[in-house]
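Novice: First to last, the sequence lines map onto chains V and U. The numbering of the first sequence is the working numbering, which starts it at 1 and goes up by one. The numbering of the second sequence is the working numbering, which starts it at 534 and goes up by one.
Calculated directly from the structure, the hints in this document are not laboratory data. Remember, it's a predicted structure, so these values are computed and weren't measured experimentally. Hints are supplied without guarantee of correctness; some may be wrong.
Simulated restraints, written as ranges between beta carbons of each label pair [to be verified]: (1) V/A299 <-> U/H646: 38 to 46 Å; (2) V/T174 <-> U/D835: 37 to 45 Å; (3) V/G97 <-> U/V721: 41 to 49 Å.
Simulated coverage check for chain V against chain U, where a stretch passes if three residues somewhere in it have a Cβ under 8 Å from a Cβ of chain U [what the hints assert, rightly or not]: (4) 73-81; (5) 96-107.
Think of the CB as a built atom: it goes at the ideal place given N, C-alpha and C, for glycine as much as any other residue.
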Amino acid sequence: MATDHPTVDDASDGLPLPTTVASGAVAAAVLLPLVWLVRTALDVGLAEAIDISTRPSTVQVFVNSAALVVVVTVASVLIGVPLAYLTVRTDLPFRRGFTVAVSLPLVIPSYIGAFAFVSAFGPQGAFQRLLAPLGVERLPEIYGFVGASLVITLYTYPYVFITTRAALKSLDTTLIDAARTLEHSQWEAFRRVTVPQIKPAVGAGSLLVALYALSDFGTPAIMQFDAFTRVIYVEFTTFGRDVASLLSLQLVAVTLLILGLESHVRGNEPLYAGRQGGRTSGTVRLGTWKYVAMAACLAVSGLALFVPLGILLTWLAQGGAEVGNALAFQPAYALNSVGVSAGAALVATVAGLPIAYLAASHRSRLTEAFERATYVGYAVPGVVLGLALVYLGTSYARPIYQTLYLLVAAYVVRFLPQAVGSMRASFLRVNPALPEAARTLGRSSFGAFRAVTLPLIAPGLFGGAALVFLTTMKELPATLLLRPSGFKTLVTHIWSATASGYYGHAAVPALILLGVSALSMLVILSQEGYDVK
Amino acid sequence: MSNSTIHATEARTDEPTAGSAPVLELTDVSKSYGAERVIEDLSLTVTEGEILTLLGPSGCGKTTTLRLIAGLERPNGGKIALNGAAVSGPGRFVEPEDRGIGVVFQEFALFPHLTAAENVAFGLEAWDAADREERVEELLDLVGLEAQGDSYPDELSGGQQQRVALARSLAPEPEVLLLDEPFSNLDVDLRVKMREEVRRILKETGVTAISVTHDQEEAMSISDRVAVMNDGRIEQVGNPEQVFQQPESRFVAGFLGHASFLPGYVHGGEVTTGLGPVPRDQINGLAGTYDRTRIDVLVRPDDIRAIPVDGEADGRVVSRRYLGPTVLYEIHLDDDTAVQCMHNHDESLPLDTTVRIELDADHELAWFPTDQRPLDDE
């Protein structure tokens, strides 16, 4: 029986050496930028550091960011989990279509959303102009906390939606049937059986949301909300390097706190959850509630998708008048974006593979530390990471400073956990008896990996790569800070066009970006284990 | 081994069958996970061409033993030798792929991304293409799946999956084949059919096989020899009849079939029991040193008959379990012991019937000294 022996290795007993060394190297490389932060912060001096950290303005920044993270995470769970349940477990009409529609906001970079929302719902934006005939002179302020949390929630709740959906789909529904026969109502069964089963997935999605909210650069900048990222960028560009580095350290500390919380909630999830795929059958009948459910799905996707699309198309229509401007869009920008994103996806997949493998098959303090290390790289906000690498580049790596190598390295450090997470989940789904069977049939442990494990985790591999590709396409601050001079991507073009007020020139690249991102999304959706049924 | 073996006088078959060479030898093998000792000083010899089954309850260490033999786990002590050469022992560990040991996994572990034929061909990587194709065909033929070579595992029934798993592990001509609870994933009808099928296939190929199960009926029906395991140790090894009829420990007696223990007192040529005297000849190997001591005689439900009486009785029926062709009764004796007896389904005894018991065994009975009765007799 498989239960006769524990599958968890004690401590570092039996860790494969080459894989461990590779994982350690990747983890160290990812942590390197943090070293810069600490060093710069140490240069400040203790007295001044305490002075800066206890200033009311600094404390206010902390409170702002904390509030943003909490509100966005809670709101994302409140939106993502019910939507996931509706599209998986109920007889909601057009489930397939709604699944795609409510997943799609993920492909819209939040700064584009923020531009669109400011432009639409600003005091004298498009929406106000629509309402002007009705005598509406001004709309309430959208800038600040409300706008920032609304926009970030709308573009990050799909993380919770997608992870929860995956968990719900693999949930063995005979468990729910069992609960029903034990005299539990539908709701009680959901609370006592479904919730504990999907909790790790909701936690994983929430972690991504919280980290995104904490590190988002574009939205607070546009919404003029003093979160960590905005203040750090402003301080740095105004030569306040001390404040920037201290705030960055605080930001990293908050990130570690969130990681700790998630790890605590995740608890001891089993390494290998029994048979592959449970029986999933039977749906919850919504009755007339289905109209309410459809309205909710439509409202969420409408707000997140159609507002920016409408605004972009408006810009596109107006943009025709500005032909000949030096800021005009060139197709090469799109190729640049795709090129660096593909490079980042490839490197992140290769670098993440050993870490994901170890985390899934040899749980120990060491492997857990490696996995956590990759998250720290993700959580270091793009703006901080960008600055860290600018410094590292100018001091220690002149030859690759302002080259694509450093730019891709920045992307990899930033988005590695997406590849690791996806691959780790795939590794966990592989029955450990399969590579063992290969061993008994004469394959070495590497041979067994290549012939059996690799083909089985391929969907997770591609899924992780697609996710890295997608987020790299959207990455703003690291690109702004680290691109070689003269190297323009879709994102940098949008940034400069909108910053200088030529909205028309931002429309085409923004729409292209949405198209490419949507393609990546389709890759994820069509991936095995995530078919949209 | 339990010390109740001291009274065993008859030659046992713990030793390999005469004339054939030992293929696999385990000597004092032990395995711990952290502080938990799973296997303790386990020794076992398996001879060429035989089918040996490790039988025991869950958690007794039988699967771990199998994994140690396959090289999927490293022992903490002892030696494992294959054809006389150590594959695992002090300072030596041969990787599983270099052992030439095949394994049929509990849930079959078929590669879901490969067809049945590709699964079977998996271990034949080093063969040249023509030989490989021929071998795959031969094995699919052997297991009766000529037509299913191109099917993927999820298109096959449970029985077919098992045949593929068997063919796959046999393809590279392993020295020893290990089967981990091979039938536990099949439903009952199929299980009985596959048992015979698997035994036929194993015998046809002549491979040496070790299987693991907790199902005594399965162990009895497919094995040449059975090794009963308990708590990380082997309690008894022998052919199925011996292990069943002459268990060397109370655990073995209780694990294989229903067992009742009848207290008795040895004196002269008789053993006095609550059911009257039993001739000493009928007790297996009762040495002279046990004169004037108390013993427990092992009686199986088919060794005794209960006859309803009105007058002087030995006990009364306290429970009955209908098993289809037979009925199993539990009889409470006047001296507070309980015995079980099996009757044909047409001889019905209602509950609470007072009965007289006849000992009706035409074979020697096993026995255990009373002072070895476990304190917590289950």
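Novice: Does the beta carbon distance between V/T174 and U/D835 stay inside 37 to 45 Å, or does it fall outside?
Specialist: Since the Cβ atoms of V/T174 and U/D835 sit about 40 Å apart, the hinted range of 37 to 45 Å holds.
Novice: With a Cβ-Cβ cutoff of 8 Å, does the segment 73-81 of chain V contain at least three residues near chain U?
Specialist: Coverage by chain U is violated here, the residue count being 0 at a Cβ distance below 8 Å.
Novice: Check, residue by residue, whether the segment 96-107 of chain V contains three or more positions whose beta-carbon lies closer than 8 Å to a beta-carbon of chain U, and give the verdict.
Specialist: violated (count 0)
Novice: Does the beta carbon distance between V/A299 and U/H646 stay inside 38 to 46 Å, or does it fall outside?
Specialist: Hint holds: Cβ distance 42 Å, inside 38 to 46 Å.
Novice: Per the hint of 41 to 49 Å, is the separation of the Cβ atoms of V/G97 and U/V721 within bounds?
Specialist: Because 46 Å falls inside the window, the suggested range holds.
Hint compliance for this structure: hints 4, 5 are not met, and every other hint is.
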